[in-house]
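Trainee: Now for the letters of each chain:
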Amino acid sequence: MSNRDRTAELMALEPDEATQLYRSGRFTRRDMAKFFAAIGLTSALGPTLARSGVSAADDLTMIIWEGYSDEKYSLPFEEANDAKVDATFAGTGDEMFAAMQGSGGSTYDMVSASSDLPRRLYDADLLMEIDPAKLTNYNDLYPQFQKPPYITFEDKLYGVNFAWGPTIMLYDPEQITTAPTSWKAMLDEANTGKIATWNYPLQIAQYALLLDPKPENPFELTDEQLAQVKDLLIQQRPLVRKYWDLGGEVAELFMAKEIAIADGWPYITQQIMAESGSIAEVSPEEGVTGWSDSWCISKNAANPELALKWADWMIGPEGQAGIMEVMNYSITNKKVIETLDEARRAALRMTNVEEDYARIHMWQFIPAYDKWVQVWQEATAS
Amino acid sequence: MNIANAIPEPMPAGPKGRKPVWLTVASIITFLFLYLPLVVVVLYSFSATKVNAWPIKGYTLDWYRELFQDEDIWDAVRFSTFIGIVAASIAVVLGTLTAYALDRYRFRGKPLIRFAIGMPIVLPGIVTGVALLAFFTGVLGLNLSRWTIIIGHATFCTVLIVNNVAARLSQLPRSLDEASADLGATPLTTFRRITFPLIRPAIVAGAILAFTLSFDEIVVTFFLTGREKTLPLLIWGRLRRGISPEINAAATVIILVSLVLVLASYWFTRKSETN
Amino acid sequence: MAAIAAKDEQAAPSGRKGGPLPLLALPLGWMLVFYLIPLALLLVHAFWSVDYLTIDRTFTLENIKAVFTVAPYPAVLIRTLLMAAAVTLTDIAIAFPISWWLAKKVTSHRELLLMLVVFPLWSSYLVRAFAWKTILGTNGILNSFLQTTGITSEPISAFLYSKTGMYITFCHVWLPFMILPLYTILDRLPDTLLEASGDLGGNGWKTFLRVILPLSLPGLLAGSVSVFSLTMGDYITPSLIGGSPGTELIGGIVADQFGVANNWPLGAALILPILAIVIGLLLVANRFGALGRDER
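Chains as they are written, first to last, in my numbering: chain A, 81 to 462; chain B, 3 to 277; chain C, 54 to 349.
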C-alpha cells in the first residue's frame, strides 16, 4: 500500500537527511502537502476501486444452510472446475435475506433458499433467472421439483430445487427414557432447562400445530391464532435452555448433555451419530413442518456461470448422493432415487416421493411476516 | 472465582511498603480471574475429545495439525494482516496529525476534537458498524469490500495513535521547539529534525496496538465485511456451529501473537520514554 | 468541526505561524465523512420506516414510539441497563484493590504487572468470551470445581445460557477497561496526602471514603463509561453465553434488525436510547474531569 510505503519512507529518514533534503529544496512544504493529498486520495478512491470487484473469478461465495458445502461434494467440484467454494452458514432464512440485500447481492453469488425465501429475494430484485437448458441434470428431476411455484415467478425459473426434508423432534434417550410422541414434550415442565428450540420466527408454524382446532395451514394464521401461539411460546420460554441458531450448535448441546430435547433436522442426528452420541428422532403426531431447498443465484453474482455449474452439480448423481449421505435429507433427482433400494428410500423418508412430500407442511412465504417476527421477539425476550 | 473476596475495604493510610495481606490476595485472585479463560483455551487446544468437558481426557496435537493444514484459516490470517496493516497506517497518519495539532497549537474546541476522535471507541462498536453499513450500502450504494472494513478499522484505531503520540509530545520540553525556531527553522523543519525522531517510538507503539485491535476486531467488521472473511469472522462462524476444537488451537496461536505484539509495543513505549 | 478548528485564538508561545487547520483538515475530514455523517444519517433512519422490503423515507415517529411502548423493547432496554450497571459496579469492586495494589504497594516489576493486567484487553475478545462457555458449562470447570470441593452436589446448569453467565463473562472481558484508568489516577495520588489524613486521625475507612474515593472519581468514571457502554452495545456474549441470542440484551436486538430482521429504521431507533445514555454518561464523566485535562 502506498500509505504504508510512504509512512515507512518518512520514518526511515534520519533528521539530518531530512534537513538536507529540505535545504536542497527536494523536500518542501508542497511535497508534504502532496504526500498527504496522495493519502487522502487513496482513502477516497478505496471504496470506488472496491466496486470493480476484488474477488477472483473462480471464487464462488455462498450463504447456505449448514452442511450444504460439505467437502464430500465440494472438493470434487472445486477440482473439476478449478474453483473455490467459500460458504457462510446462516442460522435462518432471514439471515440469508439480510445478507443478500445488505450487500446488494454482491457479497454472495448463491443462496440455498428454502421454500419461503425466494419470493422475498425475487421481490427485492436480487435473483437471476435460470435457464433450465443450461442444466444437464434438470430433466432427471421429479416433475414436481422442476418448476415448483416457490421458485417460479411470472413463469420464469429462479432456482434449482435439490433437497427437502422435515423439522423433527430430537431427544437424548439416555435422559428421556420414554419416547415422546408429541410436540407437547417441548412445552413439558418435566423437561425444564433441557429444551432447545430453533431461533426462527418461522417456527411459529411448528407450534401452531399444537393449537386446537389445528389450523389447516400453519403458515396462514389469523391474528387470533397467532396470539394463541404467542401464549404457548411465552409459557415455553422459562423451560428453554437455548434458542439455537445453527445445527452444529444443537449437536454440541446434546453431546455436552446441556439439553435433552430439541427440534432439528435429520442432519443433526447424522452429526451426533457420527460422534457416537446418544440421540433419537421422533416425527410428532401433530405433524411436521419442513423445507424444500433450492439454489438461487444472485443477480449480481461475480461468476454466474460457475454458480449454475454448482447448482447443476448438486442435482447430479454426485451431489445428490452427497446430500443423502452427509445431510440425511431427501433428494429431488428421480433417476438417482430410482437406483436406491426400498430400505434406503424408507430411511430417507421417500418411499413414495409425492406422498411423503405432501405429508410435510412445507415452509411458505408469509405476507405479514413482520407480525411473526414481532411475536417471536416478544416471546423469546420474555 | 470468588468475586466477593475482591470487594474494597478500608485503605490503610500507611507508608509505601506496608502490604496488607488481603490486598495482595485480592490482587492475585484478580489476576487468576483475568487469566483463567486464556489458560482454559490453551489447555483445551491439547484436549483429545471434541466436547470441551472437564477434566480433560487425553492430550493430542491433532488440532494444531488440523489448524496448520486449514487453508481457510491461513487465508483469513493473511486477509486480517492486510486489513490491520493498512488500517493502522491510515490511523498513524490521522492520529499523528491530530496529536501534533492538539499539542502544539492553541485553539478553541480541543475537547470537542478529542471527543470526536474518541467517539468510535467510546460508543458501542455496533453503532459504528451499522452506521457505516447504512452509509456505504444504503446511502452511497457501494458494495461491501475490504475497503469498507479498512475505513471502519482506521476510524476507531486513530484514537490509539492520538493518545500514544499526545502523551509523548506532552513530555517533550517546549524549549526544544523554541530553540529550533530561534535558530531560524520553520515549523516543518523543527518537526522533521526534532519532534518526529523523538515521537517515532510512540508512533510505532501506537501503530502496533492499532494493528492488534484491528486484527482482533469483530463487532464492527461483522457489518462491513464483503466477500472475504477476517480471522475473527471466520472463527465466529465456526464458534456459532459449536463443535470446532481446532478453534482452541487457533485461539492459542492468536493469544501468542497478541502477546508478542503487546510486548513489542511496550518495548517501543519504553524506548520512547528513555530516549 | 472545521469552524471550531479554524478558530485560532492566538499563536503558541513558540512563535508558530498559521493555525492547526492544515494539520487537522485530514483527520477531521476523515472523522466527518466516515463517522459523524454516517452516524447522523443512521439517526435519520430512525424516522423512516420499512415498507415490506424497501425503506419508506417519509418522516414518522412510529419507530421511536415502538422503542418505548412495544413489547419487548422497553423491557429489554431496562434489562440491559440493569446488566450494564451490575457489571460496572462489580468491575469497580474488583478493580479497586488491584489498582491500589499496583499503584501504591508494588515495589518491583510494576510495569510488567501492569502490562499483564492490560494484556487480556489485546487478546481476542471473541476467544475470551468463548472460553467462558467452556468454563461455565454443566460439565465445565466451574461445576467440576464446585462438586469436588463439595460446595454443590449437583452440577448447576444456570451458569451457562443464562443471565448469570453473561454477567460473569461481561465482568471478565471488560475488567481491564476499569483497572487501567483507576490505576492511572491512583498512581498520581500523592502518598503525603494519605499520610496527612492518617495524621489528622482519619482511620482507614474515613481516609478511603473522604479522600481516596473522591479523588479517584475521574478514573472510576472513565472506566465506568467504558464498561457500561461496552455492555450496552454487545451482541457477541449474549449469542455465545446467553439463552436467547437475539433478545437477551438490546445490542442483540439491534444487531438482528440489521443482520436478520432487515428493519434498519427500527434498528436505528433502538440505537437512540443507547446513544443518549452513553453520551449522557460521557458528559457527566467530563464534568468530573474523567476525559482528560482541558488544556485550552
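I should point out that these hints are in silico values taken from the structure, not numbers from a laboratory.
Check before you lean on any hint, since a few could be wrong.
Claimed, not checked - Lysine-lysine pairs mimicking DSS-like chemistry, simulated, CA-CA at most 30 Å apart: (1) B:Lys-273 x C:Lys-118; (2) A:Lys-294 x A:Lys-310; (3) B:Lys-52 x C:Lys-216; (4) A:Lys-152 x A:Lys-164; (5) B:Lys-273 x A:Lys-152; (6) B:Lys-273 x B:Lys-112; (7) A:Lys-389 x A:Lys-264; (8) C:Lys-259 x A:Lys-451; (9) A:Lys-451 x A:Lys-214; (10) A:Lys-164 x C:Lys-158; (11) C:Lys-216 x A:Lys-451; (12) A:Lys-227 x A:Lys-214; (13) A:Lys-152 x A:Lys-264; (14) A:Lys-310 x A:Lys-152; (15) A:Lys-337 x B:Lys-112; (16) A:Lys-310 x A:Lys-414; (17) B:Lys-273 x A:Lys-337; (18) C:Lys-158 x A:Lys-264; (19) A:Lys-337 x C:Lys-216; (20) A:Lys-264 x A:Lys-310; (21) A:Lys-164 x A:Lys-264; (22) C:Lys-158 x A:Lys-310; (23) A:Lys-227 x A:Lys-379; (24) A:Lys-164 x B:Lys-112; (25) C:Lys-259 x C:Lys-118; (26) A:Lys-236 x A:Lys-214.
Trainee: Now look at each hint and say whether the structure bears it out.
Mentor: Hint-by-hint comparison with the structure:
Using a Cα cut-off of 30 Å, the hinted pair Lys-273 of chain B and Lys-118 of chain C is violated, with the two alpha carbons roughly 55 Å apart. For the suggested pair Lys-294 of chain A and Lys-310 of chain A, the alpha carbons sit about 15 Å apart, so the restraint of at most 30 Å is met. A hinted pair counts as satisfied when its Cα atoms are at most 30 Å apart, and Lys-52 of chain B with Lys-216 of chain C qualifies at roughly 26 Å. Only pairs whose Cα atoms come within 30 Å are accepted, and Lys-152 of chain A paired with Lys-164 of chain A is accepted, the gap being roughly 14 Å.
The straight-line distance between the Cα atoms of Lys-273 of chain B and Lys-152 of chain A is roughly 54 Å, outside the 30 Å bound, and the hint therefore fails. Among the hinted pairs, Lys-273 of chain B with Lys-112 of chain B is consistent with the structure: their alpha-carbon atoms are about 29 Å apart, no more than 30 Å. For the suggested pair Lys-389 of chain A and Lys-264 of chain A, the alpha carbons sit about 44 Å apart, so the restraint of at most 30 Å is broken. For the hint linking Lys-259 of chain C to Lys-451 of chain A, the alpha-carbon distance of about 58 Å lies beyond 30 Å, and the restraint is violated.
Proposed proximity of Lys-451 of chain A and Lys-214 of chain A is contradicted: the alpha carbons are some 40 Å apart, above 30 Å. At most 30 Å may separate the alpha-carbon atoms for a hinted pair to count; Lys-164 of chain A and Lys-158 of chain C exceed this at roughly 58 Å. At roughly 27 Å between alpha-carbon atoms, Lys-216 of chain C and Lys-451 of chain A fall within 30 Å of each other, so this suggested pair holds. For the proposed pair Lys-227 of chain A and Lys-214 of chain A, the alpha carbon gap of about 15 Å is at most 30 Å, so the pair holds.
A C-alpha spacing of about 37 Å is found between Lys-152 of chain A and Lys-264 of chain A, which places the hinted pair above 30 Å, so the restraint is violated. The suggested pairing of Lys-310 of chain A with Lys-152 of chain A is violated, with an alpha-carbon distance near 41 Å, which exceeds 30 Å. Taking the CA atoms of Lys-337 of chain A and Lys-112 of chain B, the gap is about 57 Å. The hint is violated against a cut of 30 Å. For a cut-off of 30 Å, the pair hint linking Lys-310 of chain A to Lys-414 of chain A is broken: about 40 Å separates their Cα positions.
Using a Cα cut-off of 30 Å, the hinted pair Lys-273 of chain B and Lys-337 of chain A is violated, with the two alpha carbons roughly 53 Å apart. Distance check on the hinted pair: Lys-158 of chain C and Lys-264 of chain A sit about 61 Å apart at the alpha-carbon level, beyond 30 Å; violated. Proposed proximity of Lys-337 of chain A and Lys-216 of chain C is supported: the alpha carbons are some 20 Å apart, at most 30 Å. Proposed proximity of Lys-264 of chain A and Lys-310 of chain A is supported: the alpha carbons are some 15 Å apart, at most 30 Å.
For a cut-off of 30 Å, the pair hint linking Lys-164 of chain A to Lys-264 of chain A is broken: about 44 Å separates their Cα positions. Proximity of Lys-158 of chain C to Lys-310 of chain A is assessed by CA-CA distance (about 58 Å); at most 30 Å being required, the pair is judged violated. Distance restraint check for Lys-227 of chain A and Lys-379 of chain A: the Cα-Cα separation of roughly 19 Å lies within the 30 Å cut-off, and the hinted pair is therefore satisfied. Our distance criterion of 30 Å between C-alpha atoms is broken by Lys-164 of chain A and Lys-112 of chain B, whose separation comes to about 51 Å.
Distance hint between Lys-259 of chain C and Lys-118 of chain C is unfulfilled; the C-alpha atoms sit about 48 Å from each other, more than 30 Å. The suggested pairing of Lys-236 of chain A with Lys-214 of chain A holds, with an alpha-carbon distance near 14 Å, which does not exceed 30 Å.
The structure does not agree with the numbered hints 1, 5, 7, 8, 9, 10, 13, 14, 15, 16, 17, 18, 21, 22, 24, 25 stated previously, though it agrees with the rest.
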